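S.K.: Protein chains in written order, with the working numbering: chain A, 2 to 364; chain B, 2 to 364; chain C, 2 to 364; chain D, 2 to 364.
No lab work stands behind these hints, which were simulated from the structure alone.
Every value quoted in this text rests on a predicted model; they were computed, and no experiment measured them.
Hints may be right or wrong, so weigh each one.
Note: identical chains are not told apart, hence a pair may lie in one copy or across any two.
[To be verified] Calculated cross-link-like contacts (lysine to aspartate or glutamate; reagent style EDC-like; alpha-carbon spacing at most 20 Å):
hint, residue 1, residue 2
1, Lys89, Glu67
2, Lys277, Asp293
3, Lys259, Glu311
4, Lys259, Glu195
Protein chains: 4
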Amino acid sequence: MNGNTFGKAFSCTSFGESHGPAIGVVIDGCLPNMPVDFELINKDLQRRKPGQSKLTTSRNEAEEFEILSGVFEGKTLGTPICIMVRNKDAKSSDYDSLKDIYRPSHADFTYQEKYGIRDHRGGGRQSARETVARVLAGAFAKMILQKLGISIQAYVSQVHTIELNQAYTQLDLDQTESNAIRCPEPNTAKTMMEAIEVAQATGDTLGGTISCVIKHVPIGWGSPVFDKLNADLAKAMFSINAVKGFDLGSGFAGTKLKGSQHNDVFEDNEGTIHTKTNHSGGIQGGISNGEDIYFKVAFKPVASILQPQESVSTSHEAVKFTIAGRHDACVLPRAVPIVEAMAAMVLVDHYLRNAMLNMQPFA
Amino acid sequence: MNGNTFGKAFSCTSFGESHGPAIGVVIDGCLPNMPVDFELINKDLQRRKPGQSKLTTSRNEAEEFEILSGVFEGKTLGTPICIMVRNKDAKSSDYDSLKDIYRPSHADFTYQEKYGIRDHRGGGRQSARETVARVLAGAFAKMILQKLGISIQAYVSQVHTIELNQAYTQLDLDQTESNAIRCPEPNTAKTMMEAIEVAQATGDTLGGTISCVIKHVPIGWGSPVFDKLNADLAKAMFSINAVKGFDLGSGFAGTKLKGSQHNDVFEDNEGTIHTKTNHSGGIQGGISNGEDIYFKVAFKPVASILQPQESVSTSHEAVKFTIAGRHDACVLPRAVPIVEAMAAMVLVDHYLRNAMLNMQPFA
Amino acid sequence: MNGNTFGKAFSCTSFGESHGPAIGVVIDGCLPNMPVDFELINKDLQRRKPGQSKLTTSRNEAEEFEILSGVFEGKTLGTPICIMVRNKDAKSSDYDSLKDIYRPSHADFTYQEKYGIRDHRGGGRQSARETVARVLAGAFAKMILQKLGISIQAYVSQVHTIELNQAYTQLDLDQTESNAIRCPEPNTAKTMMEAIEVAQATGDTLGGTISCVIKHVPIGWGSPVFDKLNADLAKAMFSINAVKGFDLGSGFAGTKLKGSQHNDVFEDNEGTIHTKTNHSGGIQGGISNGEDIYFKVAFKPVASILQPQESVSTSHEAVKFTIAGRHDACVLPRAVPIVEAMAAMVLVDHYLRNAMLNMQPFA
Amino acid sequence: MNGNTFGKAFSCTSFGESHGPAIGVVIDGCLPNMPVDFELINKDLQRRKPGQSKLTTSRNEAEEFEILSGVFEGKTLGTPICIMVRNKDAKSSDYDSLKDIYRPSHADFTYQEKYGIRDHRGGGRQSARETVARVLAGAFAKMILQKLGISIQAYVSQVHTIELNQAYTQLDLDQTESNAIRCPEPNTAKTMMEAIEVAQATGDTLGGTISCVIKHVPIGWGSPVFDKLNADLAKAMFSINAVKGFDLGSGFAGTKLKGSQHNDVFEDNEGTIHTKTNHSGGIQGGISNGEDIYFKVAFKPVASILQPQESVSTSHEAVKFTIAGRHDACVLPRAVPIVEAMAAMVLVDHYLRNAMLNMQPFA
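Throw the hints in and build the complete structure from the sequences for me.
M.R.: Structure (structure tokens):
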């Protein structure tokens with residue numbers, strides 16, 4: 002009801018404010034007996050963390066996690082896993098001057114109106130720092146998917162007007178982590194980074210897109226009608242701060258094909274039914290069909306520009322101000338593990354939900 | 002868990018197969034004492050119904066609804082409302098030859114794999130006929146929104162490569178229902194209809210986009226973090242058959258703006274805080290900010306082309322076949338009320354969920 | 002949120018008013034490919050139905066059910082099953098004189114206060130006629146349990162001050178349906194029926210208890226902490242009209258044993274671990290342990306006595322009145338299938354919820 | 002789905018193992034702007050805590066809580082509140098010898114069978130130590146109820162065969178905290194304590210009942226049909242370890258009254274409608290009617306007796322053993338705040354759920 006829990010079977014409840022004591026999550030529904038891959042948790046925290054490169058905010062969080070429950074002798078118990086990261090390098094004083102200002106395109110105004118109170122320090126609960134919780138939960142989801150042989154790889158596919166032209170099938174996705182922008186095409190990556198540096202120099206920010214490819218999902222995941230696998234992926238992505246668009250398979254471009262061009266023809270391939278093309282993006286009728294699931298997510302340029310801005314104060318007066326604080330000129334490279342984490346949670350949720358149908362007492 | 006219920010506070014459980022006895026919905030959470038606008042229910046059923054024009058399938062359903070519960074002397078009781086439409090003009094024999102064929106880009110294959118059984122007649126539960134349930138529930142949601150002074154208007158904004166160029170703010174949305182394609186620009190509507198007729202003549206199908214504009218939503222609806230108003234709208238739209246993309250506010254196009262161009266500056270307008278621009282699409286931090294909410298939904302061309310096709314049978318053999326049955330060459334005009342219905346349900350759900358915060362014992 | 006849905010994995014949404022068009026339920030989560038036992042549905046409807054014997058109300062409903070969705074060629078599809086019974090013998094005029102009176106110990110007053118409107122005819126939604134929906138859903142749950150070899154048998158164990166003295170393990174539960182009161186001890190049954198007839202003659206009503214025994218539940222069903230199997234059974238029983246007490250295993254009597262007397266000692270029985278005694282009632286830590294689950298439910302005497310009564314009107318005036326209508330002097334025999342239905346739903350819900358743990362990718 | 006979350010609108014997710022790092026809870030749905038009563042949290046933790054008196058286990062936990070999120074400058078933010086207590090005095094070595102033994106009437110066996118793994122130290126997640134989470138969440142619920150003028154008072158009404166004879170209306174409930182057993186009748190309290198000491202001396206344990214009285218609940222809380230206020234209270238109580246019975250209002254005793262004796266007659270009292278008697282226990286049709294809500298909960302004697310016992314090992318061998326560790330001879334006094342906490346959560350949940358109906362756009 003209150004919107005801080007995601008997933009029905011693999012259920013994650015996020016908590017924490019940006020400058021409060023901690024950010025964390027309770028995962029309810031993680032399978033028991035799973036060896037916890039502490040390295041994986043740490044790796045994704047580092048991929049998301051600020052201060053990785055000169056492209057990102059200089060807030061310097063060690064991002065050390067603590068597991069408070071649900072793990073015993075290195076294995077999951079099947080009980081709720083509470084895992085958290087303490088906020089250590091919060092510089093709340095940076096926000097003192099913003100206490101009474103509604104920053105443009107931030108959620109200061111809507112939080113204040115909705116709740117009648119807000120923690121203005123670092124954006125409080127509206128801060129993208131909340132996504133630490135998602136990365137923590139996503140790491141557990143990824144452990145399950147790894148065991149099942151499923152891979153998830155996200156990457157930056159566009160920054161401002163600079164786009165990858167190759168389809169994912171032609172890219173070497175292993176190159177993604179080879180550069181700070183997480184773009185699998187090294188040359189394009191370089192151009193993107195230059196554009197970000199230019200924006201940074203002028204106190205401006207850039208948006209773009211992140212693409213994601215998921216391989217080896219079994220046939221049959223996803224619920225028909227409202228909880229389609231694609232619908233849950235769309236919600237998952239749109240729950241990430243700054244997301245303005247979602248495109249699955251052929252997406253918006255597919256609207257310009259005719260049915261005869263768009264239909265994915267089935268064929269049998271050594272006993273397994275496949276489609277020759279994959280405009281459907283691996284999902285038909287809300288249910289995975291065994292093909293690659295791929296999608297693209299649009300991120301607007303982040304709102305915390307460092308140029309002088311106009312706005313109104315909480316008492317409705319016109320104000321001019323400049324944001325200090327430490328902010329990313331382009332959030333995209335740090336959002337890559339967040340996109341992966343949310344996708345992983347959706348998949349594991351539907352894996353578990355599909356378990357009922359695996360029992361088949363009437364088959 | 003099983004994906005046939007939508008909404009938490011205004012909760013709709015859909016049931017029915019295309020050629021089964023009926024399609025219907027149970028609405029749990031509709032406010033009591035509401036005079037039921039039977040005309041509105043009927044009007045939206047007619048807007049969604051097949052056989053409206055030569056553009057749409059010739060299946061001829063009277064679409065007469067029956068209310069089984071929850072309404073007494075013309076008013077809602079606050080108890081569950083079950084409302085249904087019986088399927089009358091189902092021609093199941095049209096589907097006999099398709100019983101053992103997996104139609105390309107349909108969900109025959111994934112349903113069969115997931116459930117081990119399917120009602121092949123008319124596509125069974127995967128049929129877009131399921132959306133009758135959504136239109137029925139959406140009508141009740143619209144009644145609540147009307148009382149609150151909120152308007153929802155969807156319209157066709159693109160068919161194949163033919164697009165509206167005007168932004169919604171420049172359009173006369175009252176023109177939407179003036180033509181069979183539900184496009185508010187009459188000239189463009191004509192071009193769209195011609196394109197559909199050409200496709201129809203060759204047994205082909207066309208996709209496109211539907212845009213939707215919602216006005217006068219109060220500030221404060223939507224839950225932060227996972228159940229953002231935009232996230233729930235994204236899920237709602239992606240739960241509609243054939244949807245491949247969703248774009249809120251500035252959407253994918255907004256990724257090509259810089260932060261300094263994209264930020265929506267606040268100003269006070271006679272005591273009310275507004276934004277000068279609305280790239281945010283009326284939602285900030287997942288919460289409505291009082292501006293217009295607008296979004297765009299991509300629909301792929303429908304899969305039921307009437308040309309000869311290849312596929313495999315349920316026993317994995319290669320087959321050639323041609324779909325008979327009665328099918329739309331372009332689903333977009335009939336999907337307009339479905340988009341509105343899903344949007345209305347999301348809004349009412351968040352209206353009711355926000356009620357808790359209105360009590361304010363601590364204010 | 003609105004309390005008309007029961008169960009998370011096997012999820013049943015009830016609808017209908019006593020004198021409205023129909024009472025029904027949507028079952029979401031029934032396994033696919035299950036042959037529907039129409040006889041079982043009918044049998045339980047007949048066991049619940051009014052007019053079975055001179056002990057029960059003379060309202061005469063044929064109780065013919067109609068399945069609107071989810072069943073194809075006699076088998077479940079895995080899609081939502083909507084099943085309903087139309088109300089035919091409603092005599093709403095019997096209730097005209099009660100329209101403005103709050104009947105003592107009925108829910109007229111609380112419904113009116115909560116919703117500001119109510120369907121007074123036959124008690125509307127508060128009527129025990131709503132339990133038709135539960136019996137319908139319970140029948141589907143029973144079909145699954147039968148396939149799994151699990152039996153559920155409820156019976157009347159007390160009417161007013163007349164109690165069975167034998168523990169369930171000594172009774173011949175097959176005798177339950179041999180008499181109109183559904184008491185497995187024929188002599189006691191006779192005494193009970195005489196007491197009911199005496200009450201009936203004076204326009205009075207009697208309460209009592211129903212006991213229930215469930216055999217062959219596998220080890221491991223039930224969720225720890227809040228959704229304990231016993232907690233969900235308690236809720237299920239307390240959701241039935243007129244229930245005032247619930248007692249599992251040793252129950253209230255067990256509070257007078259010492260720990261050394263109450264503990265159930267484990268022993269190995271040919272490879273299977275059993276307990277020598279069963280004070281736990283088949284559930285430990287909220288999880289089934291493989292022993293018989295047994296419990297007892299207290300029903301107050303029904304409120305619709307046929308003697309003159311005092312109350313207040315909706316306009317707060319003191320009134321004297323006598324209920325006409327057709328009412329049971331003792332609701333217990335008709336409540337036996339309702340207790341079974343609710344228990345069956347709880348069990349199937351936890352069977353399905355436990356499915357996730359059966360997958361064991363990490364075992 | 003996984004049973005570690007309680008409540009729909011006021012939603013509490015519990016985490017933690019007895020000898021793990023911490024026990025805690027995330028509360029989602031607490032109203033914003035509420036001044037946090039830190040004293041109240043502390044007081045209830047102390048009432049629940051071990052080592053309070055010679056009656057209770059000597060485990061000595063300081064029970065210092067830490068709030069990780071959701072509170073800013075002493076007030077709630079409306080965002081999730083994570084609050085936890087670290088486990089400090091865990092003596093896991095006490096449990097080494099029990100690692101491979103299924104203790105009688107504990108959940109060792111069922112947890113192991115369900116999950117294939119368990120944290121045996123201190124009973125892990127099955128330990129009553131989990132109720133720390135409930136007391137923490139309940140304290141926040143109590144703060145809301147206090148503001149609304151609602152009081153909740155639980156007390157020990159029976160230990161073994163020693164019962165209070167007075168109805169709650171005759172008791173001075175303010176005496177409850179005057180003695181270590183939390184019984185409002187000082188003389189009876191003394192007898193109860195003597196009985197516990199005798200049991201303790203022989204390594205035995207005693208059960209009993211806790212009663213609870215809730216005053217000044219407004220009319221209209223509770224959802225009809227499945228989520229009746231009484232049904233949710235029954236579930237709440239049965240979710241507490243060792244509970245075997247629940248009795249609302251007249252309860253099991255009421256089954257021996259006739260309808261003419263049991264009916265609660267309405268009368269007008271200076272403009273407010275009341276009932277002359279209150280056999281209904283303050284709830285009619287699942288909805289509060291403004292009268293006192295009162296109920297009784299049966300607790301079996303705790304399973305951890307200190308006498309030699311028989312059981313089987315995890316490898317199915319017969320074993321003899323004696324539990325060491327620190328255990329309560331009678332859990333009842335420490336369970337009093339737990340009963341209150343669970344009741345408070347149910348009430349606040351339904352208070353918030355009823356908020357929707359308070360908006361009344363159609364009134």
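S.K.: Against each hint, give a clear statement of whether it holds in the structure.
M.R.: Taking the hints in turn, this is what the structure says about them:
| no. | hint | in the structure |
| --- | --- | --- |
| 1 | Lys89 / Glu67 | both (14 Å within a copy, 16 Å between copies) |
| 2 | Lys277 / Asp293 | within (12 Å within a copy, 42 Å between copies) |
| 3 | Lys259 / Glu311 | between (47 Å within a copy, 16 Å between copies) |
| 4 | Lys259 / Glu195 | between (39 Å within a copy, 15 Å between copies) |
The structure meets every hint from the earlier list without exception.
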